[in-house]
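Trainee: If you want the building blocks of each chain, they are given just below.
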Amino acid sequence: MTHAAAHAPQQHAHYTSTGLDSRKLGFWAYIGSECLLFGALISTYLVYKGRSVTGPTPHEIFNIPVTSISTFDLLMSSLAMVLALSAVTRGDKIWARVWLGTTALLGAVFLGFQYYEFSSFVREGLTIKTSLFGSTFFTLTGTHGAHVAVGVLWLTTLLVRSFQGKLGPEKALNVEIAGLYWHFVDVVWIVIFTVVYLLQ
Amino acid sequence: MSEQHLAEHAHPATSTYLAVAAVLTVITLVEVGVFYAPVFHPVLAPTLLILSATKFALVVMFYMHLKSDHVLFRTVFTLPLMLALAVAVSLMFLFRLLGS
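These protein sequence lines map, in sequence, to chains A and B.
Using our numbering, the letters of the first sequence correspond one by one to residues 1 to 200.
Using our numbering, the letters of the second sequence correspond one by one to residues 1 to 100.
Looking at chain B on its own, in the form it has when it is part of the complex (with noise of 0.2 Å):
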């Protein structure tokens, strides 16, 4: 089996799986502390959103093993990502969600 056969199938051990629940469980904690907490409402948008990709963000990396897999899975995965990103963003513009 070649190198990048071994690299594509590098997986994290058990206990990396353990802490990256502990974290999950954490953020959503937080999340759902943040949403009651009226010192947080100015800034509640941008927390919260920053709080989901984090959350989407070790799923992924550690979950779905994109961290340590093939570049190609990588690109496969992302490129519709961004895609799918930058349509909901201009829509929001053309609706006159943002910028307004």
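Bound-form chain A, shown alone (with noise of 0.2 Å):
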């Protein structure tokens, strides 16, 4: 069942001879760009999986308990952020604010998830620098990880409109191309956490 969710008017939108919104059009197209980024850095980690001559090998370090959890904790994440757009679309201010940071803070903890594995990868003696596996690696989660960061500040910036009143349902479609970004940065994992912890 659907409902028509965003139907406010909106104050600056831009459209084009196709009847779309320019900035969601683009968002789109930057979205397929970034496809091309990802599987560019999966399949360098794929190529070169297995072509260490050095260890730690991925089965000896991965701590799959833990990065289960941080693999649900974006999921989540991206529930959070559906119900956020769906507050700001029907003006209700205090949910928006509700789910807005707690989209932010998933996304935080994701983070501090990341940082837990990086320091423990270093202590055990894997650095971008020690292998095929460790650059591959650190390159691929690092440029994921440093996504999520960059969502994590939108997302703050969204919240902060909000409290100064300035993300009415007018401002739907900011808060949807913000809500696109973050979803992608989560199927990005989705494929991340299969790839390369799950089939080691």
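Take the hints with a grain of salt, since some may be wrong.
Claimed, not checked - Label pairs and their calculated CB-CB ranges:
| hint | chain 1 | residue 1 | chain 2 | residue 2 | range |
| --- | --- | --- | --- | --- | --- |
| 1 | A | G19 | B | V39 | 48 to 56 Å |
| 2 | A | V53 | B | R96 | 16 to 24 Å |
| 3 | B | L85 | A | V160 | 37 to 45 Å |
The set of hints was computed from the structure by calculation and includes no laboratory data.
Since the model is a prediction, treat every value here as computed from it, not as a measurement.
Backbone N, C-alpha and C define an ideal beta-carbon position, used for all residues, glycine too.
Fit chain to chain and form the complex, with the hints in mind.
Mentor: Next up, the structure:
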């Protein structure tokens, strides 16, 4: 069942000859380019997988239970993000702030997990310079972590705008575009979790 | 507002979002279970890739609204995604990780 959730007039809508908002179309094109970036990074990781001449190996250092919890954390942040968009669209300021804050917090928690993981790997002797595995692993997951950090900053900015009273239903597209970015970061992690962590 | 714009903004209900979150959670638990269960090890790669692709599709279709959004958004996303996938598979063959 669906409902028209974002019918509020867009104050600054930029419709093109296609009838679609140019900002949203442009952002989808950006996400398409990000597919190629992460596709290249994941491919590079796979191509060099098992070709390191020194350890530690993925099997020796990955902590699957901890990574599973951080994966669950990121999945739940995506749920909070769609609930935030829904609240902004219907003009519910309180719940918009709650869900935007929850999304940013869950993103920050994910970054905390990544910091913990990276520190433990370094302690166990795996750095970006140690081996092909270290180089490709830290480049891939570090790039993803940087994207999460940008997303957390973006969400925090939206939260501040909401507290300033400048995030009403007419600005729902701004939240929707931030949501597209956040969900993309989530789907990239879905792939990384399987290809890097589970398929060792 | 035209019908095209209405279609562009038609989003799922909250109950749908919650249902998708529940399915994503269950699939993640199944993935971890499959990883640890020796009985699945002969078919570990295809099983995990199918589960991962299902999660990917659920997020893209329902949370990113591509299921109900305009076909142009789907095209702008799907074409580079397919290209990235083709590059990855080609590299796998080139480096003899597949087909040898």
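Trainee: Should the hint that L85 (chain B) and V160 (chain A) are 37 to 45 Å apart at their CB atoms be regarded as holding?
Mentor: 38 Å, holds
Trainee: Between G19 (chain A) and V39 (chain B), does the beta-carbon spacing fit 48 to 56 Å?
Mentor: 53 Å, holds
Trainee: Determine whether the Cβ-Cβ distance between V53 (chain A) and R96 (chain B) falls within the hinted range of 16 to 24 Å.
Mentor: Since the Cβ atoms of V53 (chain A) and R96 (chain B) sit about 18 Å apart, the hinted range of 16 to 24 Å holds.
No hint from the list above goes unmet by this structure.
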